Every structure is written in C-alpha cells, then in structure tokens.
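Single-letter residue listing:
Protein chains: 2
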Amino acid sequence: MKVVALAGGVGGAKLADGLYEVVSTGDLTVVVNTGDDFDLFGLRICPDADTVVYTLAGIANPATGWGIAGDSWQTLDMLGLYGEDTWFRLGDRDFATHLSRTARLTSGERLTTVMDSMSQALGVHAHVLPMCDEPVPTRVRTPEGELAFQDYFVRRQQHDTVTGIRFEGMESARVTPEVATAIAQADVIVLCPSNPLVSIGPILAVPGLRDALLASGAVRVGISPLVGGRALKGPADRMLRDLGHDVSSFGIAKLYAGLLHGFVLDEADAADCARIEELGMRARLTGTVMRTGADRARLAEETLAFARGLRE
Amino acid sequence: MKVVALAGGVGGAKLADGLYEVVSTGDLTVVVNTGDDFDLFGLRICPDADTVVYTLAGIANPATGWGIAGDSWQTLDMLGLYGEDTWFRLGDRDFATHLSRTARLTSGERLTTVMDSMSQALGVHAHVLPMCDEPVPTRVRTPEGELAFQDYFVRRQQHDTVTGIRFEGMESARVTPEVATAIAQADVIVLCPSNPLVSIGPILAVPGLRDALLASGAVRVGISPLVGGRALKGPADRMLRDLGHDVSSFGIAKLYAGLLHGFVLDEADAADCARIEELGMRARLTGTVMRTGADRARLAEETLAFARGLRE
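Chains A and B supply the protein sequences, listed in that same order. For the first sequence, my numbering gives the first residue as 1, with consecutive numbering after it. For the second sequence, my numbering gives the first residue as 313, with consecutive numbering after it.
Calculated from the structure, these hints are not laboratory results. None of these values were measured; they are calculated from a predicted model. Each residue gets a CB set at the ideal place from its N, CA and C atoms; glycine is no exception. Certain hints may be false.
Listed next, the stretches of chain A that the computed footprint assigns to chain B, with coverage defined by at least 3 CB atoms under 8 Å from CB atoms of chain B [as the list claims (entries may be wrong)]:
1. 71-81
2. 98-107
3. 118-132
Chain A with its partners taken away, still in its complex shape:
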C-alpha cells in the first residue's frame, strides 16, 4: 500500500514516523511544508523538512522535537561572540545539514534531489520531498506589520495577533514531478496533524497540488491537530481564532471540506463528529496524542485501517 503524507513540523513528523514504522519500506512518501524555510548566515534552513528527516532517521531531539539529539552549540555560541543573532537555535551537527544543502543548491541542484539524497545519507528509506522546489516564504500579517515566519514563530514566540497569512511567490511555484508521481500512485493520502494554516496550508496552496490530490484514486484522510479545541504544540488554535475560524476539530475538517474522505479526531472531540460528517467526510474517533513511539505507530495504523475501510 503506497502512502503519501503531507506534513509540517513536530506533530506532522510524529505521525510520519508512525507511518514510517507501519508502511512497507519504500512505500512511504512524505511531502513537507517549505513555507517555513528561510536564510540565516547565508544558509538555507528548512525547519519542517529537517524535523521530519531527523525524526525518521531516529536522531531527532526528543525534548524539543526539532534539532538533533545530543547536538552541541559551539558554532552558535561563537557566532554570538561575533555579535550575530542566535535566537534561532542551530546545533553543530544541524549546521552541517544547512551547509551541505546550501552548497548543493548553490551549485544548481534542485531542493527535491538534495533533500532526498541527504535523507538517504541519514539512512531514511522513505522519500521526503519538499512541496515544491521554489522558495515560497510564509509571511504573517500582524498589527505590528508583516513578519517573516520565523520572526513571528521563533523570535517573537507567536505573541502577535495574526491578521493574515500569505505565501510569497507561490504563484510561480510548481508541483514537482516527484510529488506528482507520488500522489498519482498513492493508495492513501494522509494530511498529518499539523497546523492547517501554515503547515498543510502552504502545501495545498502549491498551484496544481490540490487538483493532483483530487485527481488521484487515493483515499484521502486527515487527522486533527487539536484536542479539546487546543493545539498540543504551536499556535494553531490562536491563529484559527485570530482569523475567524472555528477553533475545533470541526473547524479543521471544514478547512479540508471537499478534499478528504475521512477525518480522524480525538475522543475528547466526540461532539464534533456529526457536524464533520455533514461536511461530506467520515469521522473516526481515537486517541490522537502521541507521547511515545508506540502511540505514533498505533495512530498511523488506525488511520490507515480507517482509510482502507473507506475504500471498500
């Protein structure tokens, strides 16, 4: 069974890791959000992609969800001594990822081939693909003005009210051949429990990608990133509220209406099921909080079983 997962950062990486555990070798493709990508010290940083790759490679820092377990901070500390900004925390081993990626991009390679070969170098046997090769930086509109995503997310700790979101340059982005092929060949497509506005949103905004999903014969299911109306991590709940969306699993499902056949949500949100099914998709209740590796694999397995059931 060929599976394509659309994923953002930490929450998405956890489910991707569960799928990696239960899907046969080579049958999983993770399409990752690159709207968070930015340049720092002249290096191209791809936070969501790296979180997914490090997680699948088994080297992610379990305490933070991002970065590499046991990484050190010699380079960043020294950069601080030189007066450089150090609010975006990059570890020494992590720097190697950005250095090698940037050098290869500069030499003319596509982000897709760079990311695929680098994740393979770390022993990852799933394909991790950027949603597109073009930089499409997410900009967050706030009362203080428009902010680069990492400015909003990391430096200002998501304290700003969000009045709008745009993906700069998205009109020129294209679905890559690799993403198009993976979607066309998929049996199941999973929208991971990532932020629908700034993680899954940019992926679905790549021109042609939504149509490719709708054209595929795959069963398409999503998983709510909210539990009891709250995000487990990150600002999804506040963003939804600020932008006038329903802050609930129903609100998430509504954003995906017309796209999904099924939606998985936490048992805490059982009251949302009826309204979700009125959107034209089946709802499935289960525990969606992934504390352990076993939780990830169980949620992945249940999600795939749910999808298989929808096909029949």
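Given chain A, work out where chain B should sit, using these hints.
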C-alpha cells in the same frame, strides 16, 4: 613606536604574537596574506588571517598552529556523513568565523572591516588587516597541472614539485586605505618568518604595496623562516629549490634585496651573514626558533631593537 608586520600563517603568527606582547596597545598592525583564501561549503575561508587572529586572541590550537584550541568536530563529521569532502579540517567554533565573515561579505562589507571587527570581538587590540580586499587566489603550477593553493598545500600535502606560482586577479587588486595608512605611519616594518613565495610574496605583489613600503620612512627588517637551510614547518625549502632559488637564509634575503634595511637569521646560518650584507642590508644573528611564548617575545624584542639600531 608603530609597527607593521607582514605575515603569513603559523610562523608569521608566532612572531606577530611576540610583537603583540612587546608593542604598546594599538601600535601594532599585522598585514596578512590572503592568497591562501578559498571557498568551501560556500564559506570564505582565510587560513592565514584566522591563524594570526586566533593566535593573538590566545585561542589558537598550540598543537596544530591553526584552528581553535579545544574545538570540536561535530559539524565536519556530519558533513562527512552527507558525503562532503572533509580533508580541510574546520572545527565547530572555527565554522562560526567563516559563517559570520561570509554573511558580512555577502551583505557588501569589505574584508578589511569584517576582519578588523571580528578580531576585536575576540579581544584582539592590534589591527589585523588583509593585504587587500579583492580575492587573489594563489595557484601553484605543478607537473600534474595547476592546483588551487589548498589543494596543493592541504589535500595533496605539498608532495608536488612546484614549477610556478601565480596570484590570480592580482592585477586588479589595490592597497587598501587602512594598509596604506599603517605603512605610511610605521616606524618599523617587519617581514615575519613566513614563506617568501606564497606568504610574504602575495603581500608584496599587491600593486602599489611594495612602493608604499619603499616610500615609508620606516626601518624595514625581515626574519628568515629557514634554519640551517630547512623550513621549520611547511614547504618553503622545497619550493625554493624547485623554483631555482638558493635554499638558505641568504636565498631568502636575496628575494628581499632592495626592500630591507636589515635581516635577522638564525645563529645556525652565521655563514650567510657576509653574503647577506653584500645585498645592501645589515644582518643580525640570534635564535629564531620560537618554541614558547617567551621565545616569541624575545625574538620580537630583539628584532625591534635591531631595527631601532638601524635607524640611528
């Protein structure tokens, strides 16, 4: 007394460190060779300048002469995992130097201002200036073809016979205002015991620099990097031989004839004194091997005393 030292890498850095010890705060300017500079992983690496700065800052690795004492190798090891070349050894803290420098150069700053402010950030109160702001990469001609300097020097371990040396783009390089001012105001100019062909040679080849030295009122003295006809470190002796020069302190002095008022050489080379004085400069014998910090300061002090004597 204002002192300008022209220096290459390890040997030059040691004497520069001795001068730093004995010259009053703010009165020492070190003009460093940048012919060894090159790009790696998209970063501008300045080996000689960094060796000088790290040495003056008291953080140089005493075992190697280059790099930072106690530095770690997390970034480089991870780059190796990604299949990148790791023959040029860059430590984690060292990477920060190249990252910050490259980011500032990319933003349009001159190498001169970048290097000066970065060395000040490390607490260095001498001015360390690149010989010019333009990249002028040293190319080494060998029977195997022309090699980039670090290819010859580090990767191929100086095993090739050298049939020629050139400094690419040197015709477009210019003496910087900072170097011109330092030379014009100097009381003593010291050519450090560095390789005359690929360390001091590039500095003297910067268009206008030799004339600036000759036009200055400073006493100009050099120190031989050879002891008993051998280089203490590096390929200076083999290079001199390959290129048909006299492999001796006399041979070094001959390369500087017309430029220097005085030349310091090791007691082991006492036999060279008469011939050196025939070149039109005074010769001074002393111990030139710098094993300890005290050796560096003593050689610096003797060299300056010698220069003072030549002025009177």
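Now for the hints, and whether the structure bears them out:
1. 71-81: Check passed, 9 qualifying residues.
2. 98-107: holds (count 5)
3. 118-132: Result for this restraint: holds, n = 3.
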